[in-house]
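S.K.: Protein chains in written order, with UniProt numbering: chain W, 1 to 258; chain V, 1 to 157.
Hints listed in this document are in silico derivations from the structure and should not be mistaken for laboratory results. Mixed in with the good hints there might be a few duds.
What the hints assert, rightly or not - From the derived model, a few chain W residues whose C-beta atoms are all more than 10 angstroms from chain V:
#1 Q70
#2 T123
#3 W174
#4 G180
#5 L208
#6 Q234
#7 M254
To be verified - Cross-link-like lysine-lysine pairs, in silico, DSSO-like; alpha carbons within 27 angstroms at most:
#8 K88/V to K27/V
#9 K45/V to K59/V
#10 K5/V to K43/W
#11 K36/W to K5/V
#12 K45/V to K136/V
#13 K89/V to K27/V
Said to hold, decoys possible - Selected chain W positions facing chain V (Cβ under 10 angstroms, derived; list incomplete):
#14 V45
#15 Y46
#16 V50
#17 Q51
#18 M154
#19 L155
#20 L157
#21 W183
#22 Q187
#23 T189
#24 D191
A virtual CB, placed ideally from N, CA and C, is assigned to each residue, including glycine.
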Amino acid sequence: MNFFQSIGASTLAKMSAVGRAAIMLFGALFALPRLKNVPLTIKQVYVVGVQSLLIIVVSGLFIGMVMALQGYTILVDYGAEGSLGPMVALSLLRELGPVVTALLFAGRAGSALTAEIGLMKATEQLSSLEMMAVDPLRRVVAPRFWAGIVSMPMLALIFSAVGILGGHLVGVDWLGVDAGSYWSIMQSTVDWQQDVINGVIKSLVFALVVTWIAIFKGYDSIPTSEGISKATTQTVVFSSLAVLGLDFVLTALMFGIE
Amino acid sequence: MNKYKTEIMVGVFVVLTIGAILLLALKVANQSMTSEGDTYTLYAKFDNIGGLKPRSAVKVGGVTVGRVNSITLDQDNFTPVVELSISKKYTGFPETSSVSILTSGLLGEQYVGFQPGFSFDGVADLQDGDYLQDTKSALVLEDLIGQFLFNRGNDDE
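Hey, can you work out the whole structure from these sequences and the hints?
M.R.: In structure tokens form, the structure reads like this:
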């Protein structure tokens, strides 16, 4: 009997967590039209976006460089090193740009969001806001949420662009692939709609999921130091898993069936 | 001052993103060719199109003049029909022109090679919607090997 009770209890707990998350998302989404929240959102874009710029640019550069190096050693055996450009560009735009950005974002900005909101809850700042008749969803959650959604596609685009330049650095300047073929075969292969826009859509979905998980985990955390540390860990684990799983689904929808 | 610093940094962030979009649009995806809406359409029937795909290039002497728009199968005689979008910049190809499906390099992608024909009296220019009569199919490796073996067999007799 205890067995069934524990299954029932954990199912109910999970369902109600999903419900609370949905209510929070609803509150955050419809808190946009407040004009006075725009400066708050800009400040959060600075915190989650601009401060993630360094790690995004550096990892984009190195991932592009590594892909050019690895791709070159294989392609050169077939005399097809001209295809280095499209290889680097397509894998960055379709997969690595959105996915790696989302993973880095979850680690760099998502965990910080969870810890910040969790600590606000633990020190009863959120309750104080409510006491002063300020909706914490509007004042605290919505700006962070929108900042995450705005920032991540921008970061993913910068990641891809820097990665392609990094591939150029290694492929053309170091290994001696012809610069003309690097760019021109890339241009004839990469499609704006199919590759760039689909990458941005992917990145938007990841932004929604990662920011949602991060903020909800903070908002719903047990307000103790242990609870916050657990919530922060869960943010990184859950959002990474969600990003990788969703990536497969989105890829199958976008590129799987022609 | 601190507030201005935040806004300046966000501004830099936005400018960087716009730079990345421009790089991707102009240098990587080459928007200019596809957004050039002024094209006219020609059709060509092939026996076999090999690995030709929509958006493959149409080239005259190596110069890209257009792209493959769509590939369909003619339901009457079951031959592939390739729709070519040619840029309006390049008009006045004579009716005697021929098209063939070629491969760039050993492992390269396939493209449509457009061979302008001779222009003399009584030969009209190709207009929008015309069918190209003279077509050469793609080279399929298995057919080639089959033909080669067949010829070898004939030689022995």
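S.K.: Decide, hint by hint, whether the structure agrees.
M.R.: So, going through the hints one by one against the coordinates:
1. Every CB of chain V lies more than 10 angstroms from the CB of Q70/W, the least distance being 18 angstroms, so the non-interface label holds.
2. Distance check for T123/W against chain V: the nearest CB is about 23 angstroms away, which clears 10 angstroms, and the non-interface claim stands.
3. No beta-carbon of chain V comes within 10 angstroms of the beta-carbon of W174/W; the shortest separation is about 20 angstroms.
4. Distance check for G180/W against chain V: the nearest CB is about 13 angstroms away, which clears 10 angstroms, and the non-interface claim stands.
5. Even its closest Cβ contact with chain V, about 18 angstroms, leaves L208/W beyond 10 angstroms, as expected for a residue assigned away from the interface.
6. At roughly 29 angstroms from the closest C-beta of chain V, the C-beta of Q234/W stays outside 10 angstroms, upholding its exclusion from the interface.
7. With 10 angstroms as the threshold on Cβ separation, the claim that M254/W sits away from chain V holds: the shortest Cβ distance comes to roughly 16 angstroms.
8. At most 27 angstroms may separate the alpha-carbon atoms for a hinted pair to count; K88/V and K27/V meet this at roughly 23 angstroms.
9. The suggested pairing of K45/V with K59/V holds, with an alpha-carbon distance near 17 angstroms, which does not exceed 27 angstroms.
10. A distance of roughly 10 angstroms separates the Cα atoms of K5/V and K43/W; the hinted pair therefore holds under the 27 angstroms criterion.
11. The hinted pair formed by K36/W and K5/V meets the criterion: a straight-line CA distance of about 19 angstroms does not exceed 27 angstroms.
12. Between the alpha carbons of K45/V and K136/V the distance comes to roughly 9 angstroms, so the proposed pair stays at or under 27 angstroms and holds.
13. Using a Cα cut-off of 27 angstroms, the hinted pair K89/V and K27/V holds, with the two alpha carbons roughly 22 angstroms apart.
14. Given the 10 angstroms rule on beta carbons, the hint for V45/W holds: about 5 angstroms separates it from the nearest Cβ of chain V.
15. Because the smallest distance between the Cβ of Y46/W and any Cβ of chain V comes to about 5 angstroms, under 10 angstroms, the interface hint for this residue holds.
16. A cut of 10 angstroms between beta carbons decides the hint on V50/W: the least distance to chain V is about 5 angstroms, and the hint holds.
17. Of the supplied interface hints, the one on Q51/W holds, with its beta-carbon coming within about 9 angstroms of a beta-carbon of chain V, less than 10 angstroms.
18. With a cut of 10 angstroms, the hint placing M154/W at the interface with chain V holds, because the nearest CB-to-CB distance is about 4 angstroms.
19. Checking L155/W against chain V by beta carbon gives a least distance of about 8 angstroms; that is within 10 angstroms, so the hint holds.
20. For L157/W, the shortest C-beta to C-beta distance to chain V is roughly 4 angstroms, which falls under 10 angstroms, so the interface hint holds.
21. The beta carbon of W183/W is positioned within 10 angstroms of a beta carbon in chain V (closest approach about 6 angstroms), and the interface hint is therefore held.
22. This hint holds: Q187/W has a C-beta 4 angstroms from the nearest C-beta of chain V, less than the 10 angstroms allowed.
23. The interface hint given for T189/W is met, as the beta carbon of that residue sits about 8 angstroms from the closest beta carbon of chain V, less than 10 angstroms.
24. For D191/W, the suggested interface contact is upheld, since its CB lies about 6 angstroms from the closest CB of chain V, less than 10 angstroms.
In summary, the structure agrees with every hint in the numbered list given earlier.
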